[in-house]
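Chains as they are written, first to last, in the numbering used here: chain A, 4 to 235; chain B, 4 to 235.
One should not assume that every hint holds.
[Said to hold, decoys possible] Pairs of lysine-lysine, DSBU-like flavour, derived with a Cα cap of 30 Å:
id: 1; chain 1: B; residue 1: Lys140; chain 2: A; residue 2: Lys194
id: 2; chain 1: A; residue 1: Lys38; chain 2: A; residue 2: Lys128
id: 3; chain 1: B; residue 1: Lys194; chain 2: A; residue 2: Lys140
id: 4; chain 1: B; residue 1: Lys140; chain 2: B; residue 2: Lys194
id: 5; chain 1: B; residue 1: Lys128; chain 2: A; residue 2: Lys140
id: 6; chain 1: A; residue 1: Lys38; chain 2: B; residue 2: Lys128
id: 7; chain 1: A; residue 1: Lys140; chain 2: B; residue 2: Lys140
id: 8; chain 1: A; residue 1: Lys140; chain 2: A; residue 2: Lys128
id: 9; chain 1: A; residue 1: Lys204; chain 2: A; residue 2: Lys140
id: 10; chain 1: A; residue 1: Lys204; chain 2: A; residue 2: Lys194
id: 11; chain 1: B; residue 1: Lys128; chain 2: A; residue 2: Lys194
id: 12; chain 1: A; residue 1: Lys194; chain 2: A; residue 2: Lys140
id: 13; chain 1: B; residue 1: Lys38; chain 2: B; residue 2: Lys128
id: 14; chain 1: B; residue 1: Lys140; chain 2: B; residue 2: Lys128
id: 15; chain 1: B; residue 1: Lys204; chain 2: B; residue 2: Lys128
id: 16; chain 1: A; residue 1: Lys204; chain 2: B; residue 2: Lys194
id: 17; chain 1: B; residue 1: Lys204; chain 2: B; residue 2: Lys194
id: 18; chain 1: A; residue 1: Lys128; chain 2: B; residue 2: Lys38
id: 19; chain 1: B; residue 1: Lys204; chain 2: B; residue 2: Lys38
id: 20; chain 1: A; residue 1: Lys140; chain 2: A; residue 2: Lys38
id: 21; chain 1: B; residue 1: Lys194; chain 2: A; residue 2: Lys128
id: 22; chain 1: B; residue 1: Lys128; chain 2: A; residue 2: Lys128
id: 23; chain 1: B; residue 1: Lys194; chain 2: A; residue 2: Lys194
[Stated by the list, open to error] Output of the computed footprint for chain A on chain B, the stretches with three or more beta carbons under 8 Å from beta carbons of chain A:
id: 24; stretch: 5-16
id: 25; stretch: 28-42
id: 26; stretch: 83-90
id: 27; stretch: 99-106
Simulated from the structure, these hints should not be mistaken for lab results. Don't be surprised by glycine CBs; every beta carbon is placed ideally from N, CA and C.
2 protein chains.
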Amino acid sequence: MRCSTCSLRESCLPVGLTDEELEHIDHRLVTVLRKVAHGEALFSAGDRFDAVFEIWTGFFKTVVATSQGRQQVTGFPMGGELMGLDGIDTGRYSVDAVALEDSQVCVIPFEVLETLGREIPMLQKQFHRIMSREIVKAHSVMLQLGSMHAEERVAAFLLNLTERLRARGFSASSVVLRMSREEIGSYLGVKLETVSRAFSKFQASGLLFVRQRHVEITDPVGLQHLLYDVTV
Amino acid sequence: MRCSTCSLRESCLPVGLTDEELEHIDHRLVTVLRKVAHGEALFSAGDRFDAVFEIWTGFFKTVVATSQGRQQVTGFPMGGELMGLDGIDTGRYSVDAVALEDSQVCVIPFEVLETLGREIPMLQKQFHRIMSREIVKAHSVMLQLGSMHAEERVAAFLLNLTERLRARGFSASSVVLRMSREEIGSYLGVKLETVSRAFSKFQASGLLFVRQRHVEITDPVGLQHLLYDVTV
DNA sequence: CGCGAACTTGAGGCGTGTCAACCCCTGTGG
DNA sequence: CCACAGGGGTTGACACGCCTCAAGTTCGCG
Numbered sequence: 004m005r006c007s008t009c010s011l012r013e014s015c016l017p018v019g020l021t022d023e024e025l026e027h028i029d030h031r032l033v034t035v036l037r038k039v040a041h042g043e044a045l046f047s048a049g050d051r052f053d054a055v056f057e058i059w060t061g062f063f064k065t066v067v068a069t070s071q072g073r074q075q076v077t078g079f080p081m082g083g084e085l086m087g088l089d090g091i092d093t094g095r096y097s098v099d100a101v102a103l104e105d106s107q108v109c110v111i112p113f114e115v116l117e118t119l120g121r122e123i124p125m126l127q128k129q130f131h132r133i134m135s136r137e138i139v140k141a142h143s144v145m146l147q148l149g150s151m152h153a154e155e156r157v158a159a160f161l162l163n164l165t166e167r168l169r170a171r172g173f174s175a176s177s178v179v180l181r182m183s184r185e186e187i188g189s190y191l192g193v194k195l196e197t198v199s200r201a202f203s204k205f206q207a208s209g210l211l212f213v214r215q216r217h218v219e220i221t222d223p224v225g226l227q228h229l230l231y232d233v234t235v
Numbered sequence: 004m005r006c007s008t009c010s011l012r013e014s015c016l017p018v019g020l021t022d023e024e025l026e027h028i029d030h031r032l033v034t035v036l037r038k039v040a041h042g043e044a045l046f047s048a049g050d051r052f053d054a055v056f057e058i059w060t061g062f063f064k065t066v067v068a069t070s071q072g073r074q075q076v077t078g079f080p081m082g083g084e085l086m087g088l089d090g091i092d093t094g095r096y097s098v099d100a101v102a103l104e105d106s107q108v109c110v111i112p113f114e115v116l117e118t119l120g121r122e123i124p125m126l127q128k129q130f131h132r133i134m135s136r137e138i139v140k141a142h143s144v145m146l147q148l149g150s151m152h153a154e155e156r157v158a159a160f161l162l163n164l165t166e167r168l169r170a171r172g173f174s175a176s177s178v179v180l181r182m183s184r185e186e187i188g189s190y191l192g193v194k195l196e197t198v199s200r201a202f203s204k205f206q207a208s209g210l211l212f213v214r215q216r217h218v219e220i221t222d223p224v225g226l227q228h229l230l231y232d233v234t235v
């Protein structure tokens, strides 16, 4: 596997490396490309940790669960994002990572990443940036879960999703959701019916058109205003 | 500042380092000990990032805020925990870190940490573990915010707090809360009155005694059961 | 073409928020 | 040492947003 010629090299772990450094990590950082079928788990909570995974193509959900059967979707990682960082601490993954569509991931053995990080300071720095970003994203989700009303959460979710799609060159207005209402609801801390009602209400307000998993956002600014116009 | 003779060296960043390695980082990893008075901010969202902070003594809260004035407490870090990791990504801190009592923190310039990490693999590994743990903790908070009822959240909060105190050699049954009902409520995504009512109800159930910020937990197992006995 | 899963929509109940009054501590100044 | 002020905490009554339960609809897929 060669990072130096990969189409994602500008939005992936080795961003900012020189051509020389990129060639140095070719065939070393990533040795295997793994395919994950729709519905299949890339890894599960409790599995032994030995690698992190860079999403090359596809879409995932990550889920934490308690022994009592409580579940919570903690994220919807997509192309260019790194998964498995939660496993570094204890040596076992703490979430399930399930593909929401047929996907391909670059397998990065963690030992190799730490070694190459010592050799290439820029790689080390990028890795730290990515872990830090993960923490910041988590804080942002906590803010949503802790302080927003149901409709605001759904609006924030849609805006966040479309922004990420836009950054990857996809349309930000016409979206096909890869996840169910129930998965969205779990992520946002509300029930699936509440998500459905929010979509319907947004449609009635002329902000978007929704038909099952197809969403056409006609008024992104209006959606954004839902996050501002709140009695705080 | 010397890490090799610090009383916290077994529950701090350089855990697991050899005596030689510890002496190598003495006066280098930590150059300054900073005092933060009760109510004062160690750093604020937007401040330029150049260091992470290891809490030596004291107690903090971290708070995220939006431009619209929405706020969310994201954590209550205490002795032996690392703060400021959120600033690595963008080069600016993304939360406020406010002392809830007079505190002292070791200032760790981030440049130095990355350099020493390249020299000492064990230091690098410990740092990665800590960042990873931060992500896992965040997932756990998401689970609370997204799937638990108010009383369950309060019970989980109390159990988590006392467990951390216990790990530091303090009593796990007799606690003086350093934070207000409002701060607890913000952290848990409920209103301060709801926190107050939960405390009162726990007392009525014989699980604990509460008087203002003094909490005496008489039945930790009973508290734990509140998290199990739920229709999921 | 038909089945089942996912989604939508409605009615009613419950949990938490809101608002307000009161109490308890702490700290300050006379 | 006491009086007082003020912030934090508690408790109650009521409102409302979201959950629950249920029925009906649509869509994807075998």
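(Q) Under the constraints set out in the numbered hints, which ones does this structure not fulfil? (A) When the structure is compared with the hints, numbers 11, 15, 19, 21, 24, 25, 27 turn out to be violated.
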